[in-house]
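A.B. asks: Protein sequences, first through last, are from chains A and B.
Numbering follows our numbering, with no gaps: position 309 of the first sequence is 309.
Numbering follows our numbering, with no gaps: position 275 of the second sequence is 275.
Treat the hints with caution; some may be incorrect.
[As the list claims (entries may be wrong)] Under the rule of at most 25 Å between Cα atoms (straight-line distance), these lysine to aspartate or glutamate pairs were calculated in the DMTMM-like manner:
1. B:Lys204 to A:Asp242
2. B:Lys206 to A:Glu182
3. B:Lys204 to A:Glu23
4. A:Lys112 to A:Glu23
5. B:Lys206 to A:Asp242
[Unchecked claim] Just some of the chain A residues that point at chain B, by a computed CB distance under 8 Å:
6. Leu38
7. Gln40
8. Met89
9. Leu92
10. Leu114
11. Asn127
12. Glu144
13. Arg147
[As the list claims (entries may be wrong)] Pair by pair, the computed Cβ-Cβ distance ranges are:
14. B:Leu39 to A:Leu41: 50 to 58 Å
15. B:Leu39 to A:Glu302: 25 to 33 Å
16. A:Asp152 to B:Pro178: 52 to 60 Å
If you are wondering where the hints come from, they were derived from the structure by calculation, not from laboratory data.
Even glycine gets a Cβ: it sits at the ideal position worked out from N, Cα and C.
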Amino acid sequence: MTATATAPARKTPAADAGRPLLEIRSLEKRFSLCGDFLEQLKFKGGRLVREQEYVHAINGVDLDIRRGEALCVVGESGCGKSTVARTVMGLLHPSGGEIRYDGTRIDDLSTKALMPYRRRMQMIFQNPYASLNPRMTIQQTLEEPIRLHHPDWSRQQVCDKVAEVMHAVGIAPDWGKRYGHEFSGGQRQRIAIARALAVDPEFIVADEPISALDVSIQAQVLNLLMDAQRERHLTYLFITHDLAVVEHFGTRVAVMYLGRVCEVAPTATLFATPRHPYTRALLSAIPRLEDDRPQHIRLKGEVPTPVNLPSGCVFHARCPHANARCREEVPALIATDGGARVACHAIEEGRLD
Amino acid sequence: MSTPNPAIESAPATGRWERFRDSYLLYSFKRDLVAQASLLIFVVLVAAAVLAPWLAPMNPYDLAQIDILASELPPFWIDGSESAYPMGTDAQGRDLLSTILYGARVSLIIGFGAVALQATLGVVCGLLAGYLGGRIDAFLMRLADIQLSFSTLMVAIVVGALVKAIFGGATFSTYAVPLLVLIIGLAEWPQYARTVRASVLAEKSKEYVDAARTMGLSSRRIMFRHILPNTLSPIFVISTVQVANAIISEAALSFLGLGMPETHPSLGSLIKSGFDYLQSGSWWITLIPGAVLVLLVLVINLLGDWLRDVLNPRLYKG
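Using the sequences plus the hints, can you model the full thing?
C.D. replies: This is how it looks when you write it as structure tokens:
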């Protein structure tokens with residue numbers, strides 16, 4: 001599957017197969033740090049100047065998500081992976097760039113025009129304790145999206161659909177009368193998954209869906225997500241910081257650092273031959289039992305603040321292979337062998353294999 | 001893994017959530033003597049006020065039943081009283097007990113009516129300001145600031161005086177109850193708006209609101225169906241305090257002569273009408289309605305305090 005084929009006939013799945021389901025192009029999102037206009041005015045050198053500061057959460061992210069795959073996005077806290085997820089779902093408006101779903105640009109659509117896409121893409125949240133409305137029963141929670149997207153359905157049809165998704169995620173139908181707080185974290189996350197599946201989506205954004213769960217429950221929920229993917233032909237954008245989960249779950253992996261993608265590769269390729277210096281450091285940090293692995297790569301310093309971004313490559317200050325070019329020029333994603341794409345000057349120049 | 005897991009099948013054994021909350025309410029109610037006494041007195045007072053036409057010995061609004069010769073009779077425990085007037089009579093010869101019952105009715109109607117208006121306005125403004133944010137938030141909250149910078153009584157006095165001056169005292173007397181509800185209701189909405197806004201800001205950042213948004217629900221449905229039910233407990237608590245406040249405001253206005261007319265007295269105007277006779281020895285015309293007013297407001301406030309403690313989300317949400 002390559003992303004190059006541009007099929008004019010949209011409706012047939014075969015023709016669609018060539019094009020990525022979701023295309024993210026040079027996406028940017030910044031959050032203003034200052035309040036209103038008056039708070040932005042400052043005295044500097046005897047003059048009144050208007051000063052605006054931003055947190056640059058994502059700075060030019062390019063990603064393609066292909067039909068039927070699970071694209072995992074990994075990175076440490078604050079690298080912008082959740083912001084990407086929320087921007088894709090329309091919870092945040094991007095400051096720049098565009099998002100295309102099935103060939104249609106969706107980031108600038110009105111709420112009404114977005115409705116058909118709301119049904120096709122759903123989101124699963126990190127904290128199952130906050131993602132269910134405490135004043136609604138499970139039945140009400142699951143019925144709401146169905147009634148919204150299928151206003152012509154009869155009561156019976158809605159109830160049948162609720163029963164079907166409840167069965168699919170392994171929760172008993174008689175739980176419908178209860179409220180969210182009566183369940184454990186794993187059970188709640190199953191309910192949240194059921195809510196996402198209730199409208200038969202084709203694309204699911206999962207923002208760290210298992211990191212708030214007990215370790216014994218994580219595998220169950222992960223398997224549930226994989227079963228759903230197989231049975232319902234789902235495409236996932238899976239945000240996580242757990243590399244073990246990525247190895248188990250992901251078709252491809254995107255590694256993010258400070259709001260940029262530094263490497264995208266098929267899971268096996270990435271874990272076997274990580275290319276980007278940051279990816280190497282990240283993978284070397286996984287605790288392993290065997291002793292013959294290369295030494296743990298220690299990065300020096302801290303992640304720079306996203307308020308004042310470093311010039312050039314965002315990783316240059318901590319990179320052992322950085323040179324003058326890295327400090328000045330922003331590296332673009334370049335294709336390497338094994339279907340991987342890496343944003344690194346050192347690899348492009350052949351300084352690093 | 002798609003088959004139900006037996007370990008997960010055994011769901012918690014708690015009953016319905018409302019039942020749980022009710023039982024906790026009941027539990028703490030059973031242990032709180034002040035709350036029990038307050039509720040008892042409140043229920044008795046409200047019942048007496050509601051059933052006034054059947055309970056009261058006479059109808060103080062019916063001029064035919066009033067005997068001017070029986071004016072300023074003292075209550076039953078003082079010499080010179082008459083058994084037909086257990087609480088004595090006022091300066092116009094109205095039975096004080098009946099007048100207090102009818103007056104409490106008027107006070108309660110105005111109190112609850114004003115709070116209903118305040119709550120409606122305040123909840124809508126608070127939800128809009130908190131959920132939509134931005135300019136709407138700034139506009140509504142500056143409006144609330146302006147409203148708060150005037151004291152309730154001052155607004156009420158100005159509006160009441162204007163209405164009286166423009167439409168005349170007779171019109172004012174006819175529409176006194178709805179007018180007072182309107183005045184007190186409009187003057188105190190920021191209390192609700194600010195409380196609701198604060199709760200909405202806290203709820204808005206929770207993921208169930210994001211989930212509702214990704215579903216594609218309209219802002220109105222998210223505000224009223226998802227966020228509002230989760231902000232109800234603070235609304236409930238300030239409502240009890242506000243009812244007491246509204247009754248006090250009405251009494252104060254009536255005392256100043258801008259409230260209920262003396263022909264249809266509330267507790268406040270009854271206190272005012274008796275005030276002129278305080279020096280001449282007929283203290284009961286002022287003090288007995290005053291005591292009833294204090295009791296009514298006190299028990300409402302005590303109930304509100306108790307409710308605030310019980311509905312504290314840290315204690316019951318777990």
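A.B. asks: Now, for every hint given, state plainly whether the structure supports it.
C.D. replies: Right, here's what the structure says about each hint:
1. Note on Lys204 of chain B and Asp242 of chain A: the hinted pairing is violated, with a Cα-Cα distance of about 28 Å set against a maximum of 25 Å.
2. Proposed proximity of Lys206 of chain B and Glu182 of chain A is supported: the alpha carbons are some 18 Å apart, at most 25 Å.
3. For a cut-off of 25 Å, the pair hint linking Lys204 of chain B to Glu23 of chain A is broken: about 29 Å separates their Cα positions.
4. Taking the CA atoms of Lys112 of chain A and Glu23 of chain A, the gap is about 21 Å. The hint holds against a cut of 25 Å.
5. Simply put, Lys206 of chain B and Asp242 of chain A have alpha-carbon atoms about 23 Å apart, close enough for the 25 Å limit, and the pair holds.
6. Hint status for Leu38 of chain A: violated, given a least beta-carbon distance of 12 Å to chain B, over 8 Å.
7. For Gln40 of chain A, the interface hint is violated, since its Cβ never comes within 8 Å of a Cβ in chain B; the closest pair sits about 15 Å apart.
8. For Met89 of chain A, the suggested interface contact is upheld, since its CB lies about 5 Å from the closest CB of chain B, less than 8 Å.
9. Taking 8 Å as the C-beta cut-off, the interface hint given for Leu92 of chain A is violated, the closest approach to chain B being about 10 Å.
10. Proximity of Leu114 of chain A to chain B holds as hinted, the smallest CB-CB distance being about 7 Å (cut-off 8 Å).
11. Annotation: Asn127 of chain A was flagged as interfacial toward chain B, and the flag holds, the nearest CB pair being 6 Å apart, inside 8 Å.
12. Restraint check, Glu144 of chain A versus chain B: the minimum CB separation of about 7 Å is within 8 Å; hint holds.
13. Interface restraint check: Arg147 of chain A against chain B, minimum CB-CB distance 10 Å, threshold 8 Å, status violated.
14. A beta carbon spacing of about 55 Å between Leu39 of chain B and Leu41 of chain A agrees with the range 50 to 58 Å that was offered as a hint.
15. Checking the proposed 25 to 33 Å range against Leu39 of chain B and Glu302 of chain A shows it is violated: the Cβ atoms sit about 59 Å from each other.
16. Between Asp152 of chain A and Pro178 of chain B the C-beta distance comes to about 44 Å, which lies outside the given range of 52 to 60 Å.
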